[in-house]
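Chemist: Sequence:
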Amino acid sequence: MISKRSRGIAIKLLVLGCVILLSACSKQSVQRAGEGATMGAVVGAAGGMFSALVFGGNVGEAAARGAVYGAGTGAASGAMIGAKENQVKKDQQVAAIEKLKSTLGEDAFNGLAALTKCKHDTALGYARTAAQLDDKNHALAGLWIEVLAYADSRQEDQARALFSDLVAKDSKISSEAQAEESMRKALQKLMDIRGAYNLPRVCG
Numbered sequence: 317m318i319s320k321r322s323r324g325i326a327i328k329l330l331v332l333g334c335v336i337l338l339s340a341c342s343k344q345s346v347q348r349a350g351e352g353a354t355m356g357a358v359v360g361a362a363g364g365m366f367s368a369l370v371f372g373g374n375v376g377e378a379a380a381r382g383a384v385y386g387a388g389t390g391a392a393s394g395a396m397i398g399a400k401e402n403q404v405k406k407d408q409q410v411a412a413i414e415k416l417k418s419t420l421g422e423d424a425f426n427g428l429a430a431l432t433k434c435k436h437d438t439a440l441g442y443a444r445t446a447a448q449l450d451d452k453n454h455a456l457a458g459l460w461i462e463v464l465a466y467a468d469s470r471q472e473d474q475a476r477a478l479f480s481d482l483v484a485k486d487s488k489i490s491s492e493a494q495a496e497e498s499m500r501k502a503l504q505k506l507m508d509i510r511g512a513y514n515l516p517r518v519c520g
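So for the sequence shown, our numbering puts the first residue at 317; every next one is plus one.
Just to be clear, a hint being listed does not mean it is correct.
Under the rule of at most 25 Å between Cα atoms (straight-line distance), these lysine-lysine pairs were calculated in the PhoX-like manner [to be verified]:
{"no.": "1", "residue 1": "K488", "residue 2": "K501"}
{"no.": "2", "residue 1": "K485", "residue 2": "K415"}
{"no.": "3", "residue 1": "K417", "residue 2": "K501"}
{"no.": "4", "residue 1": "K417", "residue 2": "K433"}
{"no.": "5", "residue 1": "K485", "residue 2": "K452"}
{"no.": "6", "residue 1": "K488", "residue 2": "K452"}
{"no.": "7", "residue 1": "K505", "residue 2": "K415"}
{"no.": "8", "residue 1": "K417", "residue 2": "K435"}
{"no.": "9", "residue 1": "K505", "residue 2": "K433"}
{"no.": "10", "residue 1": "K501", "residue 2": "K435"}
{"no.": "11", "residue 1": "K415", "residue 2": "K433"}
{"no.": "12", "residue 1": "K452", "residue 2": "K417"}
{"no.": "13", "residue 1": "K501", "residue 2": "K485"}
{"no.": "14", "residue 1": "K501", "residue 2": "K433"}
{"no.": "15", "residue 1": "K415", "residue 2": "K435"}
{"no.": "16", "residue 1": "K488", "residue 2": "K415"}
{"no.": "17", "residue 1": "K415", "residue 2": "K452"}
{"no.": "18", "residue 1": "K485", "residue 2": "K417"}
{"no.": "19", "residue 1": "K501", "residue 2": "K452"}
{"no.": "20", "residue 1": "K505", "residue 2": "K417"}
{"no.": "21", "residue 1": "K505", "residue 2": "K485"}
{"no.": "22", "residue 1": "K435", "residue 2": "K505"}
{"no.": "23", "residue 1": "K488", "residue 2": "K417"}
{"no.": "24", "residue 1": "K488", "residue 2": "K505"}
Calculated from the structure, these hints are not laboratory results.
Please construct the entire structure, taking both the sequences and the accompanying hints into account.
Modeler: If you want it as structure tokens, here you go:
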């Protein structure tokens with residue numbers, strides 16, 4: 317038979333184990349929240365920059381606004397900490413990201429998110445799907461994602477092969493030289509955004 321002393325020790329060990337487990341889970345939740353906030357900010361900033369690139373506007377200001385919205389949304393999805401705290405603000409941030417998705421289109425948005433993480437094949441898959449859409453704005457966003465994904469993965473010849481399509485479909489681009497310049501600026505901004513959040517500026 318198990319003595320009372322042994323049972324007492326077992327219970328104490330069980331309680332201690334539960335405390336350790338809960339502590340670990342809490343730390344993981346906080347870590348996920350931090351990671352979610354970082355990636356949310358990166359995607360948000362890139363989304364703001366990219367929407368300005370495709371549809372016009374100040375790229376720097378749009379990126380800054382996107383980072384703020386994205387950070388809150390990423391943290392909310394990374395871990396549900398303080399669910400009732402600042403709920404209105406979180407709802408506004410989520411709504412802003414959803415608006416960005418609506419503006420770019422789901423496929424282009426997902427492609428951009430993959431691009432920020434250096435997942436070029438995934439980005440290209442979403443971009444090609446978006447480029448075939450009937451919605452001209454979403455299709456243009458997809459075309460630009462395709463260009464940037466090729467350029468960011470050091471396949472610049474593939475990117476330049478799409479410049480004629482950009483000239484034909486993007487009213488802001490009047491020449492292939494202008495397409496090159498816009499691509500370079502967008503890539504630099506994308507690298508700056510990654511670097512600002514301690515991510516590799518250049519994909520390995």
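Chemist: Within a Cα-Cα threshold of 25 Å, do K488 and K417 meet the stated pairing?
Modeler: holds, 22 Å
Chemist: Is the Cα-Cα distance between K417 and K501 25 Å or less?
Modeler: holds, 22 Å
Chemist: Between K417 and K435, is the straight-line Cα distance small enough, at 25 Å or below?
Modeler: Roughly 19 Å separates the two Cα atoms, so the pair holds.
Chemist: Starting from K501, check that the Cα of K433 is at most 25 Å away, please.
Modeler: Judged against 25 Å, a Cα distance of about 19 Å means the pair holds.
Chemist: Do the alpha carbons of K501 and K485 lie within 25 Å of each other, as the hint requires?
Modeler: Answer holds: K501 to K485 is near 19 Å, not above 25 Å.
Chemist: So if I understand the rule, the pair passes when the alpha-carbon distance is 25 Å or less; does K435 with K505 pass?
Modeler: holds, 17 Å
Chemist: Within 25 Å, alpha carbon to alpha carbon, are K485 and K415?
Modeler: holds, 23 Å
Chemist: Given the hint that K485 pairs with K452, does the C-alpha gap stay at or below 25 Å?
Modeler: holds, 8 Å
Chemist: When you check the alpha-carbon spacing of K415 and K452, does it fall within 25 Å?
Modeler: Holds. K415 to K452 sits at ~17 Å (cutoff 25 Å).
Chemist: Given the hinted pair K488 and K501, is their Cα-Cα distance within 25 Å?
Modeler: Roughly 15 Å separates the two Cα atoms, so the pair holds.
Chemist: Is K501 close enough to K435, meaning Cα to Cα at most 25 Å?
Modeler: holds, 20 Å
Chemist: Decide if the proposed pair is consistent with the structure: K505 and K485, CA atoms, cutoff 25 Å inclusive.
Modeler: Distance ~23 Å between K505 and K485 Cα, so the pair holds.
Violated hints are absent here; each numbered hint is respected by the structure.
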